[in-house]
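Chains H and Y supply the protein sequences, listed in that same order.
Just so you know, this note's numbering puts 399 at position 399 of the first sequence, and the rest follows in order with no gaps.
Just so you know, this note's numbering puts 387 at position 387 of the second sequence, and the rest follows in order with no gaps.
Straight line, CA to CA, 30 Å or less: simulated DSSO-like cross-link-like pairs of lysine-lysine: (1) Y:15 x Y:275; (2) Y:15 x H:62; (3) Y:15 x H:147.
Think of the hints as simulated: they come from the structure by calculation, not from any bench.
Since we're looking at a predicted model, the values are computed, not measured.
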Amino acid sequence: MTERLFEGADWDFHILQRITDACEEVATKDLGLDVYPNQIEVITAEQMLDAYSSVGMPLFYKHWSFGKQFAYHEASYRKGLMGLAYEIVINSSPCISYLMEENTATMQTLVIAHAAFGHNHFFKNNYLFKQWTDADGILDYLDFAKKYVMSCEERYGRVEVERTLDAAHALMSHGIDRYPGKKKLDLREEEKRAGRRRQHEEEVFNDLWRTVPKGASKTRSAISLERRRKLLGLPQENLLYFLEKSAPRLAPWQRELLRIVRHIAQYFYPQSQTKVMNEGTATYVHYRIMTKLHQQGRISDGNFLEFLQSHTNVVFQPEFDDQRFSGFNPYALGFAMMQDIERIVTNPADEDREWFPDIAGKNDVMGVLRDVWANYRDESFIAQFLSPKLMRHLRMFHLHDDPEERAGIRVDAIHDDRGFRRVRRELARQHDVGYIDANIEVVDVDLSGDRRLILHHHVIKGSQLNETDAKRVLQHLADLWTYDVALIEVDGNDKVLREYVVSPRPIPVAA
Amino acid sequence: MPIHIIDRRLNPGGKSLENRQRFLRRAKSLVQGAVKKTSQERDIKDVLEGGEVTIPLDGMHEPRFRRDGGTRDMVLPGNKKFIEGDYLQRSGQGSAKDSGPGEGDSEDAFRFVLSRDEFVDLFLDDLELPDLAKRKIAHTESEGIQRAGYTTSGSPANISVSRTVRLALARRIALKRPRKDEIEELEAAIAACTDEDERVVLLAQLEKLKAKIKRIPFIDPLDIRYRRFETVPKPVAQAVMFCLMDVSGSMSEHMKDLAKRFYMLLYVFLKRRYKHVEIVFIRHTDRAEEVDEQTFFYGPASGGTLVSSALQAMHEIVRERFNPSDWNIYAAQASDGDNSYSDGELTGMLLTDKILPICQFFAYLEVGESGGSAFDLSDSSLWTLYERLRNSGEPLSMRKVSERSEIFPVFHDLFQRRETAQEKTAP
Chain H
1 MTERLFEGAD WDFHILQRIT DACEEVATKD LGLDVYPNQI EVITAEQMLD AYSSVGMPLF
61 YKHWSFGKQF AYHEASYRKG LMGLAYEIVI NSSPCISYLM EENTATMQTL VIAHAAFGHN
121 HFFKNNYLFK QWTDADGILD YLDFAKKYVM SCEERYGRVE VERTLDAAHA LMSHGIDRYP
181 GKKKLDLREE EKRAGRRRQH EEEVFNDLWR TVPKGASKTR SAISLERRRK LLGLPQENLL
241 YFLEKSAPRL APWQRELLRI VRHIAQYFYP QSQTKVMNEG TATYVHYRIM TKLHQQGRIS
301 DGNFLEFLQS HTNVVFQPEF DDQRFSGFNP YALGFAMMQD IERIVTNPAD EDREWFPDIA
361 GKNDVMGVLR DVWANYRDES FIAQFLSPKL MRHLRMFHLH DDPEERAGIR VDAIHDDRGF
421 RRVRRELARQ HDVGYIDANI EVVDVDLSGD RRLILHHHVI KGSQLNETDA KRVLQHLADL
481 WTYDVALIEV DGNDKVLREY VVSPRPIPVA A
Chain Y
1 MPIHIIDRRL NPGGKSLENR QRFLRRAKSL VQGAVKKTSQ ERDIKDVLEG GEVTIPLDGM
61 HEPRFRRDGG TRDMVLPGNK KFIEGDYLQR SGQGSAKDSG PGEGDSEDAF RFVLSRDEFV
121 DLFLDDLELP DLAKRKIAHT ESEGIQRAGY TTSGSPANIS VSRTVRLALA RRIALKRPRK
181 DEIEELEAAI AACTDEDERV VLLAQLEKLK AKIKRIPFID PLDIRYRRFE TVPKPVAQAV
241 MFCLMDVSGS MSEHMKDLAK RFYMLLYVFL KRRYKHVEIV FIRHTDRAEE VDEQTFFYGP
301 ASGGTLVSSA LQAMHEIVRE RFNPSDWNIY AAQASDGDNS YSDGELTGML LTDKILPICQ
361 FFAYLEVGES GGSAFDLSDS SLWTLYERLR NSGEPLSMRK VSERSEIFPV FHDLFQRRET
421 AQEKTAP
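Whole structure, please, built from the sequences with the hints as guidance.
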């Protein structure tokens, strides 16, 4: 029997090292995980709160909204309304995991297995993260962003910078490229580029150009709609990108700020699409590692029971009529699906062979799972791998709530043969960001006229924008665009449902 | 694969402090309103303790495009009895779970905890001490140490290694001290040399270099530099606060309580402006004495009322202990307004000639019984006297208070920023 990793609840840094080594052994040898180098940092509750308010990142530019977050979290934490997470893990290379100092030795083992190996593997291998994030560059880029924002505050004043950032934050959810572009994002290059651009501006600055008389501007009213759209890259769903490139009166530093906010939004884009998978992977990995360590005798029975207790808390899924219910718990759903895949691969029923001919009975659990982890996101993962057995087990059903329907909310499908596919499709759709985020695009600019910016919101299933918020966001948008902005909500038949027009606030514009 | 385990617990905390301050600055007017409201409900002892405040979220709202309404589809776990095609009543279990958790209540109000310092800051933010110009530098309080370049002599503990080595390097280069590799090269050349004559020449050269090395030391006492420190006097502003109170029989507990509240506010306020604040308590009936705080507020006393005695006592204490050129002097007097008629003239004279010229600020607080309507009938003798002095241009501040809740507004009123006064004189 192997030596125990620790006894009781206490740990020190020597023990942490042993735990990490043991986890790594299981993770690489038994599970075949491929991870970024790990960096494990032990922090206090206060530091955890700090991290919460800067979206979990170790460094971030300064903005009042993070202070608001902090005040909010602090208040609810002090009142005992909220517990703190056991860990935070950052998609960077090296992969940084924060561990709370209050955790017992068992919890530290769980957390290391969960974050430093589960999440870490997912970050490194999932196609979305590979496509959209640059783990090597993110910390340097955030450092650059922080310094850049600071230097802007020095040069142009805090109020101006804050105004730009406020506006950019309001549009953050629509500052994302949803389709992969031609080249991979390289944040280090990004940072150098910004420096070069500034330097170039300083070098070629010549005040004389300002005094050169301009000829009568050519009227190009004859520009066709098609050509104009092409010039401006329309339609464009990335509003921040559009403003950065085409807003007529923004100062270069403002464009750079928009760019920073946009890059950061993009960095978090994969995380919002892979909550179920990401947590499912990490939970499955920590479960496997902990079980293995227990089998090897490295964790005592008592500590293993402690682990099982927190584990079951994490993967608890209340039913819909339970007071605690607040939607599907991504940990529960993800873990259940991973275990279900394991079952299908090793011990399939006839039903599974019919539904999952590719993986049923393949016997290489980790091979299948690693492939799944690498190539799916929540929506496609659920659409592909949610099995009838799991739907029956969780007793899933689909409700259709049409406000027009007087009789009430219809039960559209339940966990039976007729309903499996419909329930699954609907659940997948619930995890599809394409459906979650409002579909808003820039469709046209009236360049020859009053330069009004025209946006369309394609309304799905009659769900229109919240009026107060929409007006506020549009106000920010108009302030950046500096001319009128119109948002038109259209339904599937191009019927106009509602039109907003907002004019920019009169502010001193940096010319 | 190397794994780094780092202990961050000792890192300086408060990383979010800056963001927090920005948030408070932005929400300032809202938070300030909340602070004042909170402080009115509190006891004076913990009025400045900090704690939870609630502000409306409007204005601190961060808008996003979000949708509501329309047809909704949801997949839920835990079906027990539904089959396809069932209809559920809307008001019942079906609608209990629609809106996202926490969205609703975070919308209208925002609660958070302020620290003590933040609370005091906001509480006193728009207040200003009158006549701040008269700050004096105290002679004793402290002397700071400050770096002042380098010196050629000093204690070994203060040797500046980098500076010393730099100078030594410069000297060695200037005097062409041979470097180690030069000698090694030469030795190698000697070892490789076959020609006897050349060897002799090289050996001589080596000797010469070695001698030179001996002559020119690596570090010479000349090179050594010490960090030099200088003591500089640090300006320390100090203030003394005189609390004068009538403790004659006519002063009730309620009135004393009012006075106490006022003094406490004044103390907190001065404490924030001056590093060093002393308090002198003078109570008086028909004669005055300097007492400690406990006796001041709670000690029994009775007798007639002679305000001039207190002023006289204050004047003497100032003369003995608090030189007006070294101290900022503040005085606050609380009384129910009674004064012996014959004393009026003396009081007026003492004030105008001796007290007011040396004071930064003199406040008179007339306290009354709860309900306080008697005030409006006629002004007390002291009030009439002070009013006359004020009208003749003396810098006196005076207010009447009869309810606890009025203390803060009155205080606030007395110390609010004086821009308005300047504006008046300007045109």
